[in-house]
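**Student:** Protein sequence lines, in the order shown, are assigned to chains D and F.
Mapping of the first sequence onto the numbering used here: residues 1 to 323, in sequence order.
Mapping of the second sequence onto the numbering used here: residues 1 to 434, in sequence order.
The set of hints was computed from the structure by calculation and includes no laboratory data.
On a predicted model such as this, the values are computed, not experimentally measured, just so you know.
Heads up, a few of these hints could be off.
Under 8 Å between C-beta atoms, here's a sample of chain D residues computed to sit facing chain F [stated by the list, open to error]:
#1 Phe26
#2 Ala27
#3 Asp74
#4 Asn167
#5 Ile168
Below, computed lysine to aspartate or glutamate pairings styled on DMTMM-like, alpha-carbon distance capped at 20 Å [to be verified]:
#6 D:Lys224 / D:Asp155
#7 D:Lys22 / F:Asp308
#8 F:Lys135 / D:Asp11
Heads up, the beta-carbon is just placed ideally off N, CA and C, and yes, glycines get one too.
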Amino acid sequence: MDHHLFISNSDDMRKYFIHLLKFLVFAMIFYVAFIIMSGRLLPNFLRQNLLYTLGGNGHTHSRLRDVKNTNSVDILCIGSSRAYRGFDIRIYKSAGFSSFNLGTSNQTPVQSLFLLKKYLSQLRPQTIIFEVNPDIFSNDGVESAIDIISNESPDINLLKMARQTKNIKVWNTLIYSFFNKWTGIEDNFSESASKKGQTYNKGGYVSIENQRYDRTKGTSYYCKLNKIQLTAFEEICSLSASKDIQLLLIQSPVTSSVYHTCTENEHFDRLMSQKAAYFNFNKLIHLTDTLHFSDGQHLNQLGVAALNKEIIKLGPFRHKTFE
Amino acid sequence: MSLLVISTVIDFFIGRFLHFSEDQNKRKLVLYISIISNLGILAFFKYFNFFVDNLSIAFSFLGMPLHLASLEIILPVGISFYTFQTMSYTIDVYRRRMEPTSDLIAFSAYVSFFPQLVAGPIERAKNLLPQFFIKRHFDYTQGVNASKQILWGFFKKLVIADNCAVLADTFFNHHSVYPGSALLLGAFFFTFQIYGDFSGYSDIAIGVARLFGFDLMKNFSFPYFSRDLAEFWRRWHISLSTWFRDYVYIPMGGNQGGTWLKLRNILFIFILSGFWHGANWTYVVWGLLNGLLFVPLLIFGKNRQHLDIVSFDKKMPLLKDVVRMMSTFIIVMFLWIFFRSKSLTTAFAILNKIFSSSLFTIPVFEQDGLAVLTLILILFFTLVEWSGRTHAFAIEHTFATSPRIVRWAFYGLLISMIGLFMQTNGSPFIYFQF
């Protein structure tokens with residue numbers, strides 16, 4: 001007896017695939033309409049995979065508007081909240097350097113790369129200060145992608161960045177954001193410079209009002225380096241090298257209890273050192289938790305001043321001639 | 001993989017021997033070899049540590065401490081399913097209810113048929129094996145129905161089960177910090193989680209198989225619309241229940257004989273069914289309790305009073321049916337507490353809290369928004385299931401007489417709901433662990 005593991009072809013199969021294709025087109029249109037309607041009509045808790053955050057955490061909306069009006073800087077800072085709350089452009093200015101802080105909430109190398117591709121030719125920095133840490137290299141980048149997509153005008157690179165995260169939340173936000181930007185519904189949106197105790201300073205830096213150490217926030221690191229982030233990081237290194245831009249990799253300090261929750265620290269240090277000038281300030285300066293930090297992962301203004309003073313003193317930084 | 005190959009090869013050749021041999025003693029011996037080798041593999045991989053641990057505890061209790069080392073054994077995926085599938089083949093050949101196949105490839109395909117390999121339905125050789133020898137033609141209607149069933153399976157898993165899982169995990173994993181009201185809510189969410197998860201998988205498996213022209217047996221038939229526990233067990237995990245009925249319960253005597261015999265048989269089957277799920281006393285007690293609640297129905301001859309579909313020709317159920325369905329649902333929900341709990345101590349702690357004054361406190365928890373959303377989704381799901389309860393799966397004939405645009409809009413809505421409401425870090429299917 002013969003066994004038949006395959007189905008014979010037929011007109012029915014052709015009809016099935018044609019109808020399936022038509023349905024998929026219909027379903028895609030339906031899906032887009034459904035997401036837009038949900039975004040407009042449903043409260044946040046009823047649309048768990050549509051996390052549109054116009055003017056969300058970290059003043060991304062203000063920063064991305066600000067950067068569009070900025071030309072040619074000496075220093076460009078990128079990275080997560082530890083970048084936009086850690087690299088104070090006012091200190092660089094007083095040292096004689098123009099700068100812009102393009103850090104965004106939970107920004108991973110994938111988003112850093114997207115922002116560099118978009119703004120590098122406009123800002124033409126001589127140095128990029130890139131805040132790197134194992135926690136952010138282990139992140140899937142979803143939160144940051146949503147933050148940027150909600151606040152940035154859509155283009156092909158945004159689409160590519162969304163594709164890299166492979167997450168339905170990012171795609172839904174992209175659909176909804178694209179609709180909002182396209183229809184101009186939110187053109188008049190204005191983000192408050194001060195919110196939740198954080199104040200946006202022109203040039204991208206965010207200063208915080210509450211200087212007291214909050215032990216409950218940022219108490220651990222998640223350390224399992226993500227391949228996508230490592231690939232994006234490599235691309236950032238290549239991009240800066242190809243444009244002859246000095247790349248400084250800075251690991252800004254966290255409290256010692258947070259730092260030691262990561263078992264990948266030594267591996268991470270080795271990895272970074274191989275790629276560019278790398279400075280792990282957890283090892284280079286001594287800070288006190290209650291004096292220099294606002295929480296486990298973020299410096300307060302005293303800590304920021306101490307860190308940036310040391311950054312300015314750095315060899316590669318000092319010897320670079322800025323125009 | 002090698003275990004699958006071993007099971008397949010042993011039972012293929014044993015099947016051949018059982019067919020051609022006329023010596024009844026040898027046939028019986030060879031059948032025992034098949035059963036022992038299959039159950040032996042299953043026992044080692046699934047139950048070895050359970051037996052070792054309990055033996056140690058028992059001897060320690062008797063003042064004779066044993067120092068038996070447990071092993072770090074990884075449970076092979078789908079072992080409980082394909083073991084039972086191959087055993088049904090040899091037993092059926094032994095009983096001369098089917099002829100064995102001479103085609104090792106077809107037999108291997110039957111044992112390892114990919115849609116249902118890891119979590120069922122547990123297919124019978126009599127049903128599935130001959131289908132490998134039939135020349136299959138793709139049928140448009142069949143293909144459309146299969147696609148609808150797959151879509152509904154994904155909806156059940158991604159929207160219902162995975163959202164319920166987040167909430168059930170919250171309450172069950174941290175039961176000590178929540179009041180009875182929250183734990184009752186946790187049990188409610190788990191009740192829908194396990195149904196959405198397992199029946200969702202079955203729908204996907206059956207649908208995928210249908211796309212390839214194979215008919216697999218129905219595994220769920222709207223169990224939460226059951227009017228008593230007996231009806232529930234005719235509608236829940238049908239492929240396992242009927243397996244135990246045909247290969248264990250009936251050979252033991254079934255419902256023949258005196259009351260005590262019936263009682264023994266039914267309790268044994270339920271305990272065995274519980275134990276099949278995993279090497280933990282929680283499953284055994286879950287099975288036992290189901291059996292104990294089933295016994296009165298059997299003794300008073302009420303176990304087959306609801307063979308029809310509830311309120312078959314009505315849109316709304318009758319009040320008496322609502323009461324029956326609700327009471328059955330509540331019983332099943334409380335029994336799931338044993339199934340879900342990590343230990344019996346945990347299960348009893350949860351029940352203690354539920355039956356305390358804390359049942360009347362308003363639960364406060366972080367995911368209250370998700371809970372409201374999930375309750376809305378469960379309501380939608382239940383309405384769709386109710387409207388389609390007379391069919392093979394809920395959406396088989398939904399809007400069947402409406403214009404195509406309406407039907408497509410409904411399927412589009414299901415896809416959109418999956419996209420908007422699914423958990424992005426979803427959990428694996430529960431029954432993969434069995």
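**Student:** State for each hint whether it applies.
**Tutor:** Now for the hints, and whether the structure bears them out:
With 8 Å as the threshold, the beta carbon of Phe26 (chain D) comes within range of chain F, its nearest partner Cβ sitting at about 5 Å, so the hint holds. For Ala27 (chain D), the interface hint holds, the least distance from its beta-carbon to any beta-carbon of chain F being 5 Å, beneath 8 Å. A hinted interface residue such as Asp74 (chain D) counts as satisfied when its beta carbon comes closer than 8 Å to some beta carbon of chain F; here the least separation is about 40 Å, so the hint is violated. The beta carbon of Asn167 (chain D) comes within 6 Å of a beta carbon in chain F, closer than 8 Å, and the hint placing it at the interface holds.
For Ile168 (chain D), the shortest C-beta to C-beta distance to chain F is roughly 6 Å, which falls under 8 Å, so the interface hint holds. As the CA atoms of Lys224 (chain D) and Asp155 (chain D) are separated by approximately 31 Å, the hinted pair breaks the 20 Å bound. For the hint pairing Lys22 (chain D) with Asp308 (chain F), the CA-to-CA distance comes to about 39 Å; that exceeds 20 Å, so the pair is violated. Note on Lys135 (chain F) and Asp11 (chain D): the hinted pairing holds, with a Cα-Cα distance of about 16 Å set against a maximum of 20 Å.
Checked against the numbered hints given earlier, this structure breaks hints 3, 6, 7; the rest are met.
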